[in-house]
Structure formats: structure tokens, C-alpha cells
Amino acid sequence: MTIATTAENTGAHAPVARRSDWLFLSTALAAATLLVALVLIDGQPASAALVVLGFALGIAFFKAEFSFTAAWRRFIAGGEAGGLIGAFLLIAVAAIVIVPLAALVPNFGGAIAPLGPSLVIGAFVFGIGMQLANACGSGTLYTAGSGTGRMLIALAFFIVGSVIGSLHLPAFLALGGVDPIIAARYLGPWGGLAATLASLATAAAIVAAVARRRGASFIPSRPILVGAIAIGVLSIGVFVFGGHPWSVTFGFTVWGGKMASALGLDLASQPFWQWPGPRRALTDSVLTDTSSLTDLGMIFGAMAAAAAVRPFARADWPPLPSLIAAALGGLLMGWGARLGFGCNIGAFVGGVASGSLHGWVWFAAALAGCAVGIRLRPWFGLSRE
Amino acid sequence: MRLVYALVLVISLAAIVFDHLGSPSAGRALSPEDFPGACAPCGAPCPSAQIK
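So the protein sequences, as listed, match chains A and B. The first sequence begins at 1 in our numbering and counts up by one. The second sequence begins at 1001 in our numbering and counts up by one.
Bear in mind the hints are in silico, worked out from the structure with no lab data behind them. Check before you lean on any hint, since a few could be wrong.
For the chain A half of the interface with chain B, some residues (derived, Cβ under 10 Å), not all of them [to be verified]:
(1) S26
(2) A28
(3) A262
(4) R338
(5) H358
To be clear about the criterion: a stretch of chain B counts as covered by chain A if any three or more of its residues have a C-beta under 8 Å from a C-beta of chain A, and this derived list gives those stretches [as the list claims (entries may be wrong)]:
(6) 1006-1013
(7) 1027-1040
Glycine included, C-beta positions come from ideal geometry on N, C-alpha and C.
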């Protein structure tokens, strides 16, 4: 299944020789080194650590072929739950550190978000987009980084969509909602952790029961297990050095905002860009934004990992309908990520690993969106499997 | 596809360096959640704060 997914993204079906592409391998290493040097010159070792952790995440995702999108599609289409349970394991690993540290240690905080129409609509639209693009936020980063040209297009439209979403988010927030509901606030740090782990175990039991009823497997494969633990541990590292759980899509919004501003668009007057965090991100260096640091590291990590084992970006471009799906999917994901407070990483993994209820709401809404997206895939020549 | 990647890579790296050298960068890296009043990873305010 993973091979089929990769082939869909690349349009490549012929086997490729296993040899290093020294040009792109050395370029990826040089680019990551350049970023590390730039932030170290400014005396920011924590920023350098975030680039390195992002680089390692890119390698981990590439090596494990860890895909939220394929896992969710396999569950919806055939009941196979191994990938979903792998994602729950990843979150459990991260939660063990994030829930107590966010509650007990000053300057650390969880990924929280309000509950309301914006969250539900955004996550649902994101779910549609991730099935059309064939990747989520982290998936887009590592597949684009690893030489999949189709995902380069998805990433470009992801960035555009997230800027459009930033313009719409305040209006959707005005529809109403309730403040974040965080387990540790009601149950204390350790009670909150216990509740978080219990919610993950319950979810795993439910999807395993569904898989069994549909005659499908619910045991994660070895690469999924190893990948989940590795990515979970690395996401703890991002939390320790960044002060907040790993997030992906705010970086895309910042990149798009800076490009739009460079083209003369007056984003600074828009409500979203007047909030303190986005306002600072728009004016300060892109290398002072935590999600941009890990995003860039992840792209170069995946590029290095891919170029180390095969000729880089040698495949033909996929057919036009597949490219249109990538563009449309990227656009929907970008818009949905802004309204839904993130992607699989920032909202689902980060939210649940912080004991925030919005993570589970996001998961349910995005899963429903995925069901719609899977039905749309054949329109673009993509399989439903 | 390699040529497209090479172009995107060169332009992106140049843009990052240009942006970094031309923008404030002295402080530690932040996320929008680090600012007072942030209620989401993007820095959105809480619904209770919007009502006030």
C-alpha cells in the first residue's frame, strides 16, 4: 500500500537503482548546515536544535514511510487499523512528557485550541484535502522534500490556502465557541496524563474492534511501530527546545504571508495578522519562527535521506488530473489548517498529546472529511484504496 | 523535475537568507502561543476573550 501511495505521488512505477545522488545529498546537508549556522550566529542554540530535530524527523518519516493519510484511507476503505494505532502510539509517547511538563514547568505549554464551528469546519475540509493531495502537513513536507514533484505543487497551494485561511479565520471564530478544555486543568498533571493515555487506549480498542469486524488487520507493521516511537521521541525533543508541541502549518502561513507582503499585499492590516504572534512572525526573520525551523529541517532531512538511496527527482511528472488533485488538495488543506488550528501534527498529535479535547474533535471531523475525499479521488485518477 | 527542484531550492534558500539578514532575528525562536492571550497554535484569542 505504501508503495502504491508513493507511486501515485510520483507517477513512477519503474524500479529505480539504489545509488546515492551526491549533488542533492550534499546540497541538502549544506542547506541544513547553513540554517544552523545562521541561527547560531544569532546565539540561538535552541533554534539550531529545532532545525536538527526537523532534519531527523524528515529522515524518520522517509525511512518509515509514515503516512497519516494512507493509514486513515486504509481504515475507512478496508477497516485496516494498524496505521491508525501506530499514530495513537506516537501520540502516547509524546504525551508522557508533554502533558506533565506543560502543566508543571513555566515557559512550557501544550497545543490548545477552542472548540467551535471553525475547528470542525476546518478539520473537515482538511480531511478532504489530505486525501486529494495524498498527504497531510508533515506528509507534504517529507514527500516534497524527498523529490516527489507532485507534492511540491501540493506544498505551494498549501501555502496559498493557509494565507487565504488566515484572512477568513477571524470571521469563523466570530461564529462562537468555547475555551479550550484541557485534561490537566481538571485532573492535575498526572491525572491529565492518565486520562490522555486512557483516551488513546480507548480509541485504539475501538478501531481494533472495527478492523476485526471488517476482517482486517489492526496490528501495526514493524516500520510503523519503529517510526511511531522514533517520531514520538523526536516530537518530545521539539517540545523541549521549542516550548510547545511540534506544529507544521503555521510556518506555511508565515512563508505565504511574507511572499504576499513582498508582492505588495497589505496583510498587516488584516485581523489575523494583527494578533501578536502572527504580527511578529510577519516582521521578524523566518528563522525565529519555531514551526518554520522544523519545517525547513524536515524538507532537507527528507531530501538527504532520499538522495542517499536513489537518484533524486528523476521520475516523470504524474498525469495532469493527479497534479490538479494535488493543487486542490493543498489549497483545501491550507485553508482547513488555519480554520482548524493545524494539521495532523499541530492539531491531532499536538492537541491529544497535550490532553486538549480539540485534538479528538479535530480527528473526528478530519476523518469524516477523509471519507468524502476518498470518494472524490477517482475523479482525478486516484484509487480509493 | 530535477531542474524544477534545483530552481526551487536556489530561490528558496536565497529568499530565506535575504529575509533573515533583513529582518529582526536577535531573540529566541517563538511560536504564536508564546504571546499573552493566545488560545491556539496560530495565536487566535479565546472565545471568552472575544466576547468581552
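Of the numbered hints stated earlier in the document, which are not met by this structure? The structure breaks only hint 1.
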